[in-house]
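Sequence lines, in order, name chains A and B.
Just so we're aligned: the first sequence equals residues 1 to 261 in the numbering used here.
Just so we're aligned: the second sequence equals residues 1001 to 1302 in the numbering used here.
Calculated from the structure, these hints are not laboratory results.
Among the clues, some could well be false.
To be verified - Calculated pairs, DSSO-like style, for lysine-lysine (alpha carbon to alpha carbon, straight line, at most 27 Å):
hint, chain 1, residue 1, chain 2, residue 2
1, A, LYS16, B, LYS1155
2, A, LYS96, B, LYS1073
3, A, LYS256, B, LYS1073
4, B, LYS1113, A, LYS96
5, B, LYS1060, A, LYS6
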Amino acid sequence: MSSYLKLPKVGNWAWKVWMRNWDVFIKTYKVNFILPFLEPILYLIALGFGLGGFVGSVEGIPYAAFLAPGLISISVMNSAFFECTYGSYVRMYYQKIFDAMIATPLNLDEIIAGEIFWGATKSLINATFMLIVVIAFGLISFPISLIIIPFSFIAGFLFSALAICFTAISPNINALNYPVFLLITPMLLFSGTFFPLSTLPLPIRYASFATLPLVHVVEISRAIALGRWSDLLFLNLIWIIIVSFLLFVISINLMKRRLIV
Amino acid sequence: MSVVVSAENLTKKYGDLVAVNGINFSVKQGECFGLLGPNGAGKTTTIKMIQCVSPKTSGKLEVLGMDVDLYSKEIKKFLGVVPQENNLDPDFTVYENLMIYSRYFSISKNKAKERVERLLKFMQLEEKRDVMIERLSGGMKRRLIIARALLNEPKILILDEPTVGLDPQTRHLIWDKIKSLKKEGVTIILTTHYMEEAAKLCDRLVIMDYGRILVEGKPDNLVKERIGNSILEVEANSEILLCLQRMRLEFEVVGDMIHIFTDRPYDLMFTLMNQCRLNRTAVRSATLEDVFLRLTGRVLRE
Ligand SMILES: Nc1ncnc2c1ncn2[C@@H]1O[C@H](COP(=O)(O)OP(=O)(O)OP(=O)(O)O)[C@@H](O)[C@H]1O
Ligand SMILES: [Mg+2]
Chain A
1 MSSYLKLPKV GNWAWKVWMR NWDVFIKTYK VNFILPFLEP ILYLIALGFG LGGFVGSVEG
61 IPYAAFLAPG LISISVMNSA FFECTYGSYV RMYYQKIFDA MIATPLNLDE IIAGEIFWGA
121 TKSLINATFM LIVVIAFGLI SFPISLIIIP FSFIAGFLFS ALAICFTAIS PNINALNYPV
181 FLLITPMLLF SGTFFPLSTL PLPIRYASFA TLPLVHVVEI SRAIALGRWS DLLFLNLIWI
241 IIVSFLLFVI SINLMKRRLI V
Chain B
1001 MSVVVSAENL TKKYGDLVAV NGINFSVKQG ECFGLLGPNG AGKTTTIKMI QCVSPKTSGK
1061 LEVLGMDVDL YSKEIKKFLG VVPQENNLDP DFTVYENLMI YSRYFSISKN KAKERVERLL
1121 KFMQLEEKRD VMIERLSGGM KRRLIIARAL LNEPKILILD EPTVGLDPQT RHLIWDKIKS
1181 LKKEGVTIIL TTHYMEEAAK LCDRLVIMDY GRILVEGKPD NLVKERIGNS ILEVEANSEI
1241 LLCLQRMRLE FEVVGDMIHI FTDRPYDLMF TLMNQCRLNR TAVRSATLED VFLRLTGRVL
1301 RE
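All chains should be modelled from the sequences, with the hints used to inform the complete structure.
In structure tokens:
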């Protein structure tokens, strides 16, 4: 067990790995820039305004305004998680990118760290697009809500590190469907995204608070979006930072076990 | 001449499988050193340990005077590697592949541009510079990988089957390039299944099998010591076999032919003609391939 907690040696070379992924992203910018705009608009129209018409207001605010930070949080989670599961798996297994990198002065710790930082960056990029849409709909306080942008990087880091753990232990790319359906989908529904957690029984609330990363991300995003601060947010942030660090260390060690033979 | 790679009792196990079994060798600066052996002999495993990407199980391995376990980052700065399996970046063009790879070595952008231009020319890939990797032929990919391995102006160039699956033209081109690199003083470590290639390029080589080194030496010397100058091939029949045994000659039965190892093939042919009935015969020079097959046997590896 302790071998999975060995501290990684990550130098500033990790940015070279990040940069490679950024270069690919820029090359295919048309796909990358249009889709992130499209998705939140669809969700907002269907759920925020369509469903919101029936729901009315939640916790004293219009449903669309309640929903908006939840949607941003889901996007943060999905961008990082999908980038560092399917995306990283393709780079590792099919494209043999890591094999090529490891023959240079880069070490595996730096390669994986670069991937995780890249996943976090994808969260930041997509959260920014969603924020623009949500601001355009007038659903979020401005300019304070811009804090969501740096926060989305921190939250993205958490989901990227989590994703790399699954990438490291998946025997094949299809096996990545398990964490998506068993973890990501339930989390997306039960983290206070579409309805407030306070409607759930107390034990379930505690359980989700303790175990579901998205709960903490939604709490903080919503506080930023609505400008509603509370002392509990500090706990949320501490939770995110500690778990991110643990997952970061574990993910790199799991990758080493898989790739260094 | 100084030693740039030295291995003592180098061993690599994958679980229960011993892929490299206590080998000793050294590579001197500026030479071309060959690793030969049948499939699964342990060549790639040995190379991966030299490259610092696969940790050794036991023994000692130093590259450029540095321990591979302790100085992998420093060592890798000085290595150029052509892996057995292509791993070019499919998301980029030829030119971009080289530019991005040079970033992994922290080569400044201006220097990288200059080197990439020179290497594209050196490997005759200028016309393909803006082509995506999937549009390249196998030979072009191999040439690009060699160009990529030269980006950091390596002190040691490691080539794991660089010419596998290439047409004769490309093979000759690559041989020329390897020779010119050797002239510039680059140390080369080469694995190949083409004995002609090994004989042409290698100053010294080892033949491995089942993780062990069977012989080491200069290609010419190995042929002379292990086989002799020539081989007399005669069609096999029981009469000749008896005859050869009686004369205590060294020979090997290969299919329906007998290979007789000798320095005086024509004298031997006449002697044999007088003593036994000969059908088809042929005389040819002994080659590295004969040494290889003699040492590692003719049985197929699974
Ligand atoms: N990652 C691995 N895990 C387990 N066994 C391995 C691994 N890589 C190689 N082997 C085994 O180690 C032995 C040596 O393999 P290696 O790739 O070094 O052979 P080679 O001499 O390069 O062969 P070839 O000429 O086919 O390339 C083989 O038995 C092979 O099955
Ligand atoms: Mg091999």
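Verification of the supplied hints:
no.	hint	result
1	A/LYS16 x B/LYS1155	holds, 23 Å
2	A/LYS96 x B/LYS1073	holds, 20 Å
3	A/LYS256 x B/LYS1073	holds, 16 Å
4	B/LYS1113 x A/LYS96	holds, 24 Å
5	B/LYS1060 x A/LYS6	holds, 25 Å
Going down the numbered hints, you'll see the structure goes against none, and every one checks out.
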